Every structure is written in C-alpha cells, then in structure tokens.
Amino acid sequence: MKKYIAEIIGTFAMIFCGCGAMTINEITGGAISHAGVAATWGLIVMAMIYAFGEISGAHFNPAVTIGFAFAKKFSLKEVPKYISSQIIGAIAAAFLLWFLFPESQFLGETTPAQGFPAYKAAILEFLLTFFLMLTIINVSTGSKEIGTMAAIAVGGVILLEAMFAGPMTKASMNPARSIAPALFTGNFQYLWLYITAPILGAMTAVSSCKLVKDDNCC
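Numbering (my numbering), first residue to last: 1 to 218.
Be a bit skeptical, because a hint or two may be false.
Stated by the list, open to error - Derived pair list, reagent style PhoX-like, types lysine-lysine, alpha-carbon separation capped at 20 Å:
(1) Lys120 - Lys73
(2) Lys213 - Lys72
(3) Lys73 - Lys213
(4) Lys2 - Lys77
(5) Lys72 - Lys3
(6) Lys3 - Lys120
(7) Lys81 - Lys213
(8) Lys210 - Lys72
(9) Lys2 - Lys81
(10) Lys73 - Lys3
Source of the hints: derived by calculation from the structure; they are not laboratory data. Since we're looking at a predicted model, the values are computed, not measured.
Given only the sequences and the hints, what does the whole structure look like? Please build it.
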C-alpha cells in the first residue's frame with residue numbers, strides 16, 4: 001500500500017501546487033506570472049521525486065506509468081492501481097483548489113489557446129510528452145525516478161516545456177492532471193487530446209529509445 005499512497009500524495013502535491021499556481025495567477029491578475037507558474041511545476045515535481053522516488057518510483061502520471069509498462073520495466077497488473085492512485089490524488093487536489101478559490105473559472109484546466117486548433121495542440125502535447133518520457137526513461141533506475149539526477153532532469157524538462165508551450169496548450173503531458181480540473185469546471189471538450197496524446201507520446205519515446213540503445217535500458 002505504501003507505493004500507492006506515495007503516488008496519491010505525490011500527485012496531490014503536484015496538482016495542488018501546479019494548478020494552484022495557475023489558479024492564483026488567474027484570480028490575482030498575473031501576480032505569479034507565466035514564468036512563475038512554469039517554475040512551480042518544475043520545482044514541485046523535483047521535490048516529489050526526492051520525496052517518493054524510492055517508494056513508488058514517482059510516476060505521478062498515467063502516461064509515464066503506461067510508458068514504463070510498455071518498456072517492460074513495470075508490471076502490467078500494477079498499472080490500473082497506479083493510475084487509480086494518481087487520479088485520486090489529482091481529483092483531491094482539484095477539489096481543494098475549487099473549495100479554496102471558488103472565484104476561479106479555470107482551476108488550472110488544460111485547453112488549447114484561443115485560435116490554436118485542437119489537432120495542433122494534440123501534436124504539441126504528443127511531442128512534449130515524448131521529450132519528457134525520453135528524459136525519464138534515460139535517468140530512471142528500472143521504473144523508478146530516483147536521486148539527484150532524476151529529480152533535476154525531470155523537474156527541469158517540465159519547467160522548460162511549461163515555459164515555452166504553456167501559453168499554447170498549458171503543457172499538460174499528464175492525463176490525470178487534465179482530468180481533475182475538468183471535473184470541476186465541466187469543460188470536457190478537449191479532454192480527449194490531453195488523454196490520448198501524452199500516452200502515445202510516452203509509448204513512442206520508449207520505442208525510439210529501443211532504436212538507438214544497445215542495452216535493455218528501454
């Protein structure tokens with residue numbers, strides 16, 4: 001049970017801080033700034049990898065869990081349990097944000113920028129998750145993100161991607177992160193792309209790793 005609790009707590013912390021930064025930035029008219037929001041996402045992921053990497057592997061993301069399973073580094077029977085834990089943590093965080101900030105319209109939800117077509121947002125989310133999973137699988141130990149290198153690398157790539165792609169898609173890269181706020185805002189229009197594109201991106205990253213690596217790292 002410890003690893004599932006770790007996934008719940010870690011995902012809760014990530015969504016509460018990341019979507020919380022977006023929510024507070026919204027209701028204060030930009031007090032945190034786009035750069036501040038991106039930094040918050042990167043730093044909370046880094047912190048949670050330090051906190052729970054040894055326990056659960058610090059996935060906090062259904063796409064990452066599926067990617068590890070696709071790479072045969074993670075048991076298939078554990079996938080539903082991990083994804084359920086991640087979604088529970090994400091929904092709990094979104095609920096608390098909804099309770100604390102009822103004036104927020106978006107709660108950090110993920111939607112494409114106005115005028116940015118959904119298919120382009122799907123392509124961008126696919127690529128963002130591809131880069132994220134490529135980083136994760138090359139710095140992880142088995143299916144676990146452990147230690148200084150993993151924390152800095154993964155937190156850094158999330159900060160980077162949120163910084164440049166956030167204005168266009170909100171840089172989700174994580175189905176649980178997109179599902180949770182949508183349940184409270186009722187905006188499900190684009191949820192399909194934020195579920196499918198990250199999963200496909202993670203699986204493609206694993207496949208590409210196998211093409212260029214001679215060992216069994218992928």
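Results for each hint:
1. Lys120 - Lys73: Distance ~31 Å between Lys120 and Lys73 Cα, so the pair is violated.
2. Lys213 - Lys72: holds, 15 Å
3. Lys73 - Lys213: Holds - the C-alpha atoms of Lys213 and Lys73 are around 15 Å apart, at most 20 Å.
4. Lys2 - Lys77: holds, 16 Å
5. Lys72 - Lys3: Holds, at about 19 Å.
6. Lys3 - Lys120: violated, 36 Å
7. Lys81 - Lys213: Not satisfied, since the Cα-Cα distance of roughly 30 Å exceeds 20 Å.
8. Lys210 - Lys72: Holds, at about 12 Å.
9. Lys2 - Lys81: holds, 12 Å
10. Lys73 - Lys3: holds, 16 Å
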